[in-house]
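S.K.: Chains as they are written, first to last, in the numbering used here: chain A, 26 to 137; chain R, 1063 to 1176.
Rather than coming from a laboratory, the hints here were simulated on the basis of the structure.
Every value quoted in this text rests on a predicted model; they were computed, and no experiment measured them.
The beta carbon of each residue, even a glycine, is placed where N, CA and C say it ideally should be.
Please note that a few of the clues may not be correct.
[Unchecked claim] Below 20 Å or equal to it, Euclidean Cα-Cα: the simulated PhoX-like pairs (lysine-lysine) are:
#1 A/Lys61 with A/Lys44
#2 R/Lys1119 with A/Lys65
#3 A/Lys69 with R/Lys1099
#4 R/Lys1118 with A/Lys69
#5 R/Lys1102 with A/Lys61
#6 A/Lys65 with R/Lys1102
#7 A/Lys69 with R/Lys1130
#8 A/Lys34 with R/Lys1102
#9 A/Lys69 with R/Lys1119
#10 A/Lys66 with R/Lys1129
#11 R/Lys1130 with A/Lys61
[As the list claims (entries may be wrong)] Residues on chain A that point at chain R, a partial pick, calculated with CB under 8 Å:
#12 Val37
#13 Gly41
#14 Ala122
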Amino acid sequence: DTAVSQTPKYLVTQMGNDKSIKCEQNLGHDTMYWYKQDSKKFLKIMFSYNNKELIINETVPNRFSPKSPDKAHLNLHINSLELGDSAVYFCASSQLAGTEAFFGQGTRLTVV
Amino acid sequence: EDKVVQSPLSLVVHEGDTVTLNCSYEVTNFRSLLWYKQEKKAPTFLFMLTSSGIEKKSGRLSSILDKKELFSILNITATQTGDSAVYLCAVGNAGGTSYGKLTFGQGTILTVHP
């Protein structure tokens, strides 16, 4: 069983579209994250949820909206996609916020 | 703002060499320091170092944390081509407005030639 799973793995879409990425973890962890990784492999935190509550909201355009229906799921919705949104988006989870996090396989988003 | 700086940014060695990767950090409320290995896909967890565990070892990999000087090193002995990857360091924040945040460094690209 995959511990942290994201769908889809690849997403190619046109500018201006709206898209969602789903994430689920079966580790029983309390904290989930969304990270963006650019072409230079730099991982930047976007959001973090602890028990369905938003605890970290970095300087991210409000076109990005996370939703956590329960503590095992954290989805990311992106409105009005722009070329600069192209990146790999990683979901992760950890038992305790700020400790070892386990990552999903990533979603490679390409905006054309 | 929490900050993590890794050095060197890239390193090329031959099989059998020993390498040392560096990570220095600034964090408002230290919870943990983490090392990850990233090959083609997701980062995979290597070590977590905390105030109560400042040295870790697993096979050819080992890491230490110096909380006074605010740095950590990751050592890899007898390197193999399979060690080629990006190595990421991160710090976890325990409180305040950055509670729960994991801040990553820019990574060290390690290439091991046969």
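S.K.: Now tell me if each hint is right for this structure.
M.R.: Against the structure, the hints come out as follows:
no.	hint	result
1	A/Lys61 with A/Lys44	15 Å, holds
2	R/Lys1119 with A/Lys65	29 Å, violated
3	A/Lys69 with R/Lys1099	16 Å, holds
4	R/Lys1118 with A/Lys69	26 Å, violated
5	R/Lys1102 with A/Lys61	15 Å, holds
6	A/Lys65 with R/Lys1102	13 Å, holds
7	A/Lys69 with R/Lys1130	26 Å, violated
8	A/Lys34 with R/Lys1102	13 Å, holds
9	A/Lys69 with R/Lys1119	27 Å, violated
10	A/Lys66 with R/Lys1129	26 Å, violated
11	R/Lys1130 with A/Lys61	31 Å, violated
12	Val37	18 Å, violated
13	Gly41	29 Å, violated
14	Ala122	3 Å, holds
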